[in-house]
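Engineer: Put together the whole structure using the sequences plus the hints.
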Amino acid sequence: MAETKTATKKKKAAPRKKSKIKKNLVIVESPSKAKTIEKYLGRNYKVVASLGHIRDLPKSTLGVDVENDYDPKYINIRGKGDVIKGLRKEAKAAKAVYLASDPDREGEAIAWHLQHILDLNPEQPNRVVFNEITKDTIKNSFKTPRVINQDLVDAQQARRILDRLVGYSISPILWKTVKRGLSAGRVQSVALGLIIAREREIQAFQPEEYWTLDSMFKKNRTKFKSIFYGFDGKKQPLPDNDSVQDVLKRINKDGDFDIVKVDTKQRKRQPQPPFTTSTMQQTANTQLKFRTRKTMMAAQQLYEGINLGKGLGQVGLITYMRTDSTRISSVAKNAAAQFIHDTWGEEYSQHKPVQGKLQEGAQDAHEAIRPSDVNRTPESIKDKLTPDQFKLYSLIWSRFVASQMTPEILDTMAVTIEQNGVIFRANGSKTNFEGFTKAYPTAKKKDNVLPSLSEGDKVSLANTDPEQHFTLPPARYSEATLIKALEENGVGRPSTYAPTLDTIQRRNYVRIDARKFVPTELGEIVQTIVEESFPDVTNMKFTAAVEHELDEVETGNKHWVPVIDSFFKPFQKEVEKAETSLEKIIMHDELAGMDCEVCGAPMLVKMGRYGKFYACARFPDCRNTKAIVQEIGLLCPKCHKGQIVQRKTKRGRTFYGCQRYPDCDFVTWDKPTEKTLADGTTPKDDEKKEPVKK
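In the working numbering, the protein residues as written are 280 to 973.
Worth flagging that the hints you see were computed from the coordinates, not collected in a lab.
Each hint should be verified, as a subset may be incorrect.
Claimed, not checked - BS3-like cross-link-like pairs, simulated, lysine-lysine; straight-line CA separation at most 30 Å:
1. K540 x K568
2. K709 x K723
3. K455 x K544
4. K670 x K414
5. K504 x K547
6. K820 x K848
7. K502 x K540
8. K458 x K338
9. K723 x K612
10. K504 x K670
11. K795 x K458
12. K568 x K717
13. K568 x K891
14. K547 x K532
15. K352 x K455
What the hints assert, rightly or not - The following label-pair restraints were derived from C-beta to C-beta distances:
16. H919 x S860: 54 to 62 Å
17. F749 x P778: 34 to 42 Å
18. R529 x K661: 55 to 63 Å
19. R529 x F749: 48 to 56 Å
20. D542 x T501: 15 to 23 Å
21. L914 x N711: 51 to 59 Å
All of these numbers come straight from a predicted model, not from anything done at the bench.
Built from N, CA and C at the ideal position, the CB exists for glycine as well.
Structural biologist: Here's what the structure looks like:
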């Protein structure tokens, strides 16, 4: 009988559940920054974005209890519900939560709001700050987290509450007296006041005549330029043509002139310090023609990280772009010194780099704006950047490297030329040593080389060029000069300039003409009301003093409630007086001088969001409107029927097109001239640089 074996089945053990390893949660402001930081921190960290602020004062009400120490009534920002829900879920599942918003007042306030929303322990050190998004900096910053700095939070909160009190008190008065949709604010009103004051100076300016007498002298065959200085060693102005003729009568054009003095020197030109926020905005405006908002947008992208490929991925290219400090870390200085030494030689490396003067009120919280890695030259990553990013990165990189370099050395020559007591002067210069201009060529001065001249030499007069001039009025403010004026007067802070300039344009208080600010009629009306009813709001010194008080809150030297109280109590009385005393301002519509082609009623000149336009006087019964266009006196080259007119886009940019649009689609950004139209080009053809087929 065959032996039967009983097989015993082994009972399979139930699969062990893998315990999910809890990760550390890091909350930053933007998704692009989150990707870069998560790559540096590794798999034990999860980095998510709050997408900016998650709580704020309500838009529909004041949101500040003025009877109870200005207690702010924060609410969750509409539309952020899903973001908050996701953050709460991630925080609950996390091993630890770190708040890594931007390293400034605004960032500290965002971290404080996150702490409240996520119910985090305020005594737990969970705040992480870093000035640049590089691997070493990120890793080191997480080794030393700290608690939230309540002084920074209070400083931001005080500014927010103060701006809310001013804006929500004055705006309803402007709505009642002028029209709805208007606003006023502390920094905004000062900026607008500067623009209007400058315009009044220009209108009141009386030009004065003056003349110059430039002359060309020659030694042997070499000619050089000189300017008239005066008589018998004394400087003499030339107020009119008679005074010029007096000079010409005293000289013998065919006779020799004496070189009576030659002064040769070596002059050093020091580099400028690296950028702060405002100097970056100013320089980008003047050199790159960037608007302030465009500059800050490109800088934000460079700071948060650009994908450089080749295994590098997202890399933060510059340090934090909101700063009022010119300080540079010792690590960055050493790296720059080594780069300069290796690239141009030891003689170009500054032993004691230039240090800019700290503006009054500057907090020096973090470094100047600089490249995170000086060895990452603009040209080496040009193909990874957009044109705007490349231009701004090149500017930041060049300015920083130049600030760590030796001065430019110039050989200068000042020559005094005389005949019959009539004195001319000539100045020349030549670069002896390039110094910092090797890295920052736009700062280099053009050589003006004079011939070899010595005292006692004779030179002859080649020709004279008398020219009449008139003194010019002060220039209107550009974005660069307005930011400089605000900064010099202690009004506003780095983060406020871009939104302030944007607001006064969106409200149609100013318009841009040739890249300069021109106040509108509406802007002047609003400013007059604010100046007369709320003088402290438009007073530059008072506003600067308030900014200083708020800076004292940031350093912990003052409590924020008394600071607001000292401003708001007298301001509240002004508001109450204005509410009862100000009368409605009727802005009379101007007759356009034409009739409506729809109903025959007169057309009026109206003020709209994007400027003036024509509208029928019978509105709303007749809704006919027309854009106000300016003819430039040229016939359309495409249809040969309509006039070319100047128009504006919704963003205020000027372009030129055919009056018969849409029947004729001729359009161009560049102002046409008789010469360009004679070339027979339409805008589309002009972009391709091809002539129109006739």
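Engineer: Does the alpha-carbon distance linking K547 and K532 stay inside the 30 Å limit?
Structural biologist: violated (38 Å)
Engineer: So if I understand the rule, the pair passes when the alpha-carbon distance is 30 Å or less; does K709 with K723 pass?
Structural biologist: Status holds; Cα separation ~11 Å.
Engineer: Mind checking the alpha carbons of K723 and K612 for me, to see if they're no more than 30 Å apart?
Structural biologist: Cα-Cα ~23 Å, so holds.
Engineer: Determine whether the Cβ-Cβ distance between R529 and K661 falls within the hinted range of 55 to 63 Å.
Structural biologist: Between R529 and K661, where Cβ atoms are some 59 Å apart, the hint holds.
Engineer: Check the hint pairing K670 with K414 against an upper bound of 30 Å on the C-alpha distance.
Structural biologist: holds (25 Å)
Engineer: With 54 to 62 Å as the target window, see if H919 and S860 comply at their CB atoms.
Structural biologist: The hinted range 54 to 62 Å holds for H919 and S860, with Cβ atoms some 60 Å apart.
Engineer: Does the Cβ distance between L914 and N711 fall inside 51 to 59 Å?
Structural biologist: Cβ of L914 to Cβ of N711: about 57 Å, so the range 51 to 59 Å holds.
Engineer: What's the verdict on K568 and K717, does the C-alpha distance respect the 30 Å limit or exceed it?
Structural biologist: Within the cut-off at roughly 23 Å; holds.
Engineer: Could you grab the alpha-carbon distance between K458 and K338 and see if it respects the 30 Å cut-off?
Structural biologist: holds (19 Å)
Engineer: Is it true that the C-beta distance of R529 to F749 lies inside 48 to 56 Å, as the hint says?
Structural biologist: Between R529 and F749, where Cβ atoms are some 25 Å apart, the hint is violated.
Engineer: Does the structure keep K502 and K540 at a Cα separation of 30 Å or less?
Structural biologist: OK: K502 and K540 at ~18 Å, within 30 Å.
Engineer: Do F749 and P778 keep their Cβ atoms within the hinted range of 34 to 42 Å?
Structural biologist: holds (39 Å)
Figure legend: structure checked against the earlier numbered hints; hints not met, in rising order: 1, 3, 10, 14, 19.
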